[in-house]
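A.B. asks: These are the residues of each chain, in order.
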Amino acid sequence: MTLDILYFAWVRERVGTHKETVETSAATVADLLAELQSREERYALAFSDLSAVRVSVDQVLADFDASLENAREVAIFPPMTGG
Amino acid sequence: MTLDILYFAWVRERVGTHKETVETSAATVADLLAELQSREERYALAFSDLSAVRVSVDQVLADFDASLENAREVAIFPPMTGG
Amino acid sequence: MAISVQKEDFDLGQAVRGLVGERTDIGALVTFTGLVRDTADGTLEALELEHYPAMTEKALKEIEAQAQERWNLSACLIIHRVGKLEPGDQIMMVATGSAHRRDAFEAAEFLMDFLKSRAPFWKKEHTASGADWVDARESDEEALERWQR
Amino acid sequence: MAISVQKEDFDLGQAVRGLVGERTDIGALVTFTGLVRDTADGTLEALELEHYPAMTEKALKEIEAQAQERWNLSACLIIHRVGKLEPGDQIMMVATGSAHRRDAFEAAEFLMDFLKSRAPFWKKEHTASGADWVDARESDEEALERWQR
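Chains as they are written, first to last, in numbering that gives the first Met the number 0: chain P, 0 to 82; chain G, 0 to 82; chain S, 0 to 148; chain E, 0 to 148.
Simulated from the structure, these hints should not be mistaken for laboratory data.
All of these numbers come straight from a predicted model, not from anything done at the bench.
Glycine included, C-beta positions come from ideal geometry on N, C-alpha and C.
To give an idea of the interface, some chain S residues facing chain E are shown, with a C-beta separation under 10 Å as derived from the structure:
| no. | residue |
| --- | --- |
| 1 | Phe9 |
| 2 | Asp10 |
| 3 | Val19 |
| 4 | Val29 |
| 5 | Val35 |
With the sequences and hints as input, model every part of the structure.
C.D. replies: Quick look at the structure:
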């Protein structure tokens, strides 16, 4: 499937891009992260501490074991600091 | 002693005056209220339900058994409804 | 640290700007504004506010001092109007500024709970059928209890 | 019922007047304003706010809907700025209006607790010695827990 992946804050800085489109067969968010980490050092670095990373699937906060079935857009970012 | 007595809200309306100066030898607020009640019907009416009445001595909220020693100003009013 | 009892209306934005000024140590600012609420049947013509001037300032300063003692407040403001107001009019406001939001929120609630039943103001509602003094609410006394420690 | 994400500053008084309008059923109005707080050593040059536009509106609407469901709110407003701000600048505000103060206070605190760690904003502090992303605070996660029932 084709997936848009967005990165924010220091995750964006470490990955080096704001948005990319990937072809993947990952079933869950965790699978997708593992796939990216195995692909290039910069992903491995950005996701090295998963406790410091949050994800959303189609603009809704999700767990790492969330399914990517029918997903269009995944975003990866640090804990939010709004307000 | 000479005491200024102030009345507010419906206590003021029932007593019929905002402020008066009285000569009294009342030792406590309760004594003063009893003295006023015995003096005239309008006081008896205004203070008939003491649970609906609050008092201050020299601009500080006080209990009915508060001493009037050295007091200059007593105010009698319903529970406050600020804010 | 600022208290005003006045007949005139106030502007929330202006009051807060005056309170914050050029300061950069305030991260959180909470305001409460009390407004004249119409009666359920929509017949309120005016709300009249009476107060005890000699006691008001003393009471407000005491309430403010207690808030300052309990929370880390960088800024604190109380404005209370008196006189005759109409439905929708602003009655009063408090503003509390602090480094963090918890202090600002709690202090504002504390100020309001004390203002409601410990500051010498009385409200009279005028409707077509006459005028009535607003009764104190049992729930306002209960609200005070949670601050007793 | 009103949400805005914007670069421009806002005026608290104007925002609240717009929210209340000609209504006469709001007795209590609470606002929270977040301001750019300088670092302890006074070296903050700017605070940069990044967000995730496609998700922001969704998240804010969801948070607001939850507040509406839990409390009797007559009016609700969220304004959040993005971009580069300076110490003392306003970052964001919420306003909640209700018949009574308890609803307005609790709903405003609820909105803030969720905005802090469930709305997709990230803050970066720029000082003379460089730029650093602001860490999420443990206490903000704890603040959320009290709303879980």
